[in-house]
Amino acid sequence: MIIEKFLNKWILFFLLLIPILGFVLEEPYYITLTTKVIILGIAGIGLNLALGYCGLISFGHAAFFGLGGYVTGILSFHALNSELMFSWPFTASGSSNMLVIWPIVIITSALLSFIIGVLSLRTTGVYFIMITLAFAQMLYFFAISWPNYGGEDGLSIYMRNSFPMVNTMDPITFYMICLFWLLLAVFISAKLINSSFGMAFQAIKQNEERVKSVGIETFKVKLLVFIISGTITGLAGSLYTDLNRFISPSVLNWQMSGEIMVFVILGGIARLYGPLVGAAFFIVLEQTLGGYTENWQFWLGLILILEILYVRSGILSLFEKKLKYEK
Amino acid sequence: MTSILFFEQLLNGVQFGTMLFLMSAGLTLIFGVMGLINLAHGSFYMIGAFSAALIAGLTGSFWLALLASLSGAAIAGVLIEIIIIRRLYRRDHLDQVLATFALILLLSEGVRWCFGAFPLFLDIPSNLNGTLPILDNLIYSKYRLFIILMGFLIAFGLYILITKTRLGVRIRAGQNDRQMISALGVDISKLYTIVFALGASLAGLAGAMIGAIQSVEVGMGEPILILAFVVIVIGGIGSIKGALIGSILVGVTDTIGRIFLPEVLKIFMEPSSATSVGSSIGSMLIYILMALILIIKPSGLFGKN
Numbered sequence: 001m002i003i004e005k006f007l008n009k010w011i012l013f014f015l016l017l018i019p020i021l022g023f024v025l026e027e028p029y030y031i032t033l034t035t036k037v038i039i040l041g042i043a044g045i046g047l048n049l050a051l052g053y054c055g056l057i058s059f060g061h062a063a064f065f066g067l068g069g070y071v072t073g074i075l076s077f078h079a080l081n082s083e084l085m086f087s088w089p090f091t092a093s094g095s096s097n098m099l100v101i102w103p104i105v106i107i108t109s110a111l112l113s114f115i116i117g118v119l120s121l122r123t124t125g126v127y128f129i130m131i132t133l134a135f136a137q138m139l140y141f142f143a144i145s146w147p148n149y150g151g152e153d154g155l156s157i158y159m160r161n162s163f164p165m166v167n168t169m170d171p172i173t174f175y176m177i178c179l180f181w182l183l184l185a186v187f188i189s190a191k192l193i194n195s196s197f198g199m200a201f202q203a204i205k206q207n208e209e210r211v212k213s214v215g216i217e218t219f220k221v222k223l224l225v226f227i228i229s230g231t232i233t234g235l236a237g238s239l240y241t242d243l244n245r246f247i248s249p250s251v252l253n254w255q256m257s258g259e260i261m262v263f264v265i266l267g268g269i270a271r272l273y274g275p276l277v278g279a280a281f282f283i284v285l286e287q288t289l290g291g292y293t294e295n296w297q298f299w300l301g302l303i304l305i306l307e308i309l310y311v312r313s314g315i316l317s318l319f320e321k322k323l324k325y326e327k
Numbered sequence: 001m002t003s004i005l006f007f008e009q010l011l012n013g014v015q016f017g018t019m020l021f022l023m024s025a026g027l028t029l030i031f032g033v034m035g036l037i038n039l040a041h042g043s044f045y046m047i048g049a050f051s052a053a054l055i056a057g058l059t060g061s062f063w064l065a066l067l068a069s070l071s072g073a074a075i076a077g078v079l080i081e082i083i084i085i086r087r088l089y090r091r092d093h094l095d096q097v098l099a100t101f102a103l104i105l106l107l108s109e110g111v112r113w114c115f116g117a118f119p120l121f122l123d124i125p126s127n128l129n130g131t132l133p134i135l136d137n138l139i140y141s142k143y144r145l146f147i148i149l150m151g152f153l154i155a156f157g158l159y160i161l162i163t164k165t166r167l168g169v170r171i172r173a174g175q176n177d178r179q180m181i182s183a184l185g186v187d188i189s190k191l192y193t194i195v196f197a198l199g200a201s202l203a204g205l206a207g208a209m210i211g212a213i214q215s216v217e218v219g220m221g222e223p224i225l226i227l228a229f230v231v232i233v234i235g236g237i238g239s240i241k242g243a244l245i246g247s248i249l250v251g252v253t254d255t256i257g258r259i260f261l262p263e264v265l266k267i268f269m270e271p272s273s274a275t276s277v278g279s280s281i282g283s284m285l286i287y288i289l290m291a292l293i294l295i296i297k298p299s300g301l302f303g304k305n
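Chains A and B, in that order, give the protein sequences. Taking the working numbering, the leading residue of the first sequence gets 1, the next gets one more, and so forth. Taking the working numbering, the leading residue of the second sequence gets 1, the next gets one more, and so forth.
Hints were generated in silico from the structure; no laboratory data involved. One or more hints might be untrue.
Here are the simulated lysine-lysine pairs, DSS-like style, with alpha carbons at most 25 Å apart [what the hints assert, rightly or not]: (1) Lys304/B x Lys205/A; (2) Lys190/B x Lys164/B; (3) Lys36/A x Lys5/A; (4) Lys241/B x Lys304/B; (5) Lys191/A x Lys205/A; (6) Lys205/A x Lys220/A; (7) Lys5/A x Lys212/A; (8) Lys220/A x Lys191/A; (9) Lys212/A x Lys304/B; (10) Lys297/B x Lys212/A; (11) Lys164/B x Lys241/B; (12) Lys220/A x Lys297/B.
Small disclaimer: the values here were computed from a predicted structure and weren't measured.
Using the sequences provided together with the hints, build the complete structure.
Okay, structure coming up:
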């Protein structure tokens, strides 16, 4: 564990180095790419809480990612054309201020995770995997067939949402905003994992019956983890819409759920920075292999299968072994 | 007029349901016997359709193409089982989900590599082309009736296979107690390969038959795979009877819901918003159905607790 902490410091150092490097080399593209890594990493950190630490294999986190994205897109869309969003039961207009959008995203994501959680957590094992998948697909089909916000074509928002006093269209500024959320997500995860509540949900992963027998209501614990997990992923979705200035149903698709899961597993399950490393690996692979061949997903699939069959504990574990040998 | 439309849509729903059954029967067998969640099952649907399109293009015969879909998917199933899937039986569900997710990427890109990104087309044979009068005013596509017939024949065949044959006895024994039947001298890894290939070939056949109505393209298997998951969750994982009833239920609900929900809503709402709300809810209807069934029975209609 000491070695993992050491690695984490390097990761942090690297994250602070990127904007400086991008600025000096005048390559804003790399800053944008790293911003994408960070946002996907946050989504993964959200999933990691449920999947990695509590053993809840959710195959539907795209639902939260997409919801966060759509809430952001819709609010911003209405702010631009200054129409009311709805007038019943109360009137609501859009907003393009991140400080307004974020709380709304957090509330709606938490609400959605509560609804999906209450229904899905009645089941376990394979049923849970498939039900979370089905709920995400339900939202996906809803987004496709609901014509008001672009339907299948998606929704463009033209201007990144604003943050008081700074220019969010500047890549470094937006990078810093995302980095702030990443660190907050890591901080919240670390605090949770080491709390008594965290002990409870990690124990549930190992043996739920025993946790029940000491008098902990495991359903409530799992539900709360699921809500926190979904909310963090939802916030990542909000940032993702701002990054691309575009949202489409494809972020709700089951492939998105699969990819978020891949970040968690590639980096190393139940590790604080695992999802970030996994997302970074994924994006680097996409960028390099994608340059050589159209069929880069073939190689991604191959690497994933080899990883699952032979490495089993993620990229970070490879580093760990190396460091051990060096010492 | 409406009742004719209703019957026609009902038949469409049953036709859709029988194809879903071919997919979900394989999935539920593979889960029941080997305890494996196979996300790559949709890839066999695609492989079957592409094998059929290839053979139909070479020979011009639809029947040879159907045979090719069965054998193509079965061969792919055997190879993939031996090389990769076999190593996953003892792993937890998470590893299985991820490995088979990776397998989808691998197989989809592999097929795109071989056949290109453009959809292929598979022609319906001339003697199944056209329509058949069923009732006074109701005429219905011969080919769709053929699909329904095939679906029920295969369901019956599976019933005979599972309940009356030696292989069926072993499959049921495998569902109940894997260790015991391998201790009794049954070559369990061969049994697993056979079951996997059987599931794959059923999916392949479904792919070829649907490919003739729609188009044969990469990624055609995933939408139907997710519906097959919904089916086996509703029917109860591991139960073939549940898969049959779940398939018909999902097929009919989906088809009827999409057509009639907007019509029903028009009674309460103005037509334009009724159409958009109705089609949105119509596409979500089977998931709502699934949620309702799980609230009442968390392990599905015919699942064991």
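Regarding the pair Lys241/B and Lys304/B, is the alpha-carbon distance no greater than 25 Å?
Given pair Lys241/B, Lys304/B holds - Cα atoms ~13 Å apart, limit 25 Å.
Check the hint pairing Lys212/A with Lys304/B against an upper bound of 25 Å on the C-alpha distance.
holds, 23 Å
Holds or violated: Lys190/B to Lys164/B, with C-alpha atoms at most 25 Å apart
holds, 20 Å
Does Lys5/A lie within 25 Å of Lys36/A when you go C-alpha to C-alpha?
Holds. Lys36/A to Lys5/A sits at ~24 Å (cutoff 25 Å).
Check the hint pairing Lys304/B with Lys205/A against an upper bound of 25 Å on the C-alpha distance.
holds, 23 Å
Quick one, are Lys220/A and Lys191/A close enough, alpha carbons at most 25 Å?
Since the Cα atoms of Lys220/A and Lys191/A sit roughly 19 Å apart, the hinted pair holds (cutoff 25 Å).
For Lys297/B and Lys212/A, compute the direct alpha-carbon distance and say whether it is at most 25 Å.
The given pair, whose Cα atoms are some 22 Å apart, holds under the 25 Å limit.
Does Lys205/A lie within 25 Å of Lys191/A when you go C-alpha to C-alpha?
holds, 18 Å
Verify the proposed pairing of Lys205/A with Lys220/A, using a straight-line Cα cut of 25 Å.
holds, 14 Å
Verify the proposed pairing of Lys164/B with Lys241/B, using a straight-line Cα cut of 25 Å.
holds, 16 Å
Mind checking the alpha carbons of Lys220/A and Lys297/B for me, to see if they're no more than 25 Å apart?
holds, 20 Å
Given the hinted pair Lys5/A and Lys212/A, is their alpha-carbon gap at most 25 Å?
violated, 32 Å
In summary, the one numbered hint that this structure violates is 7.
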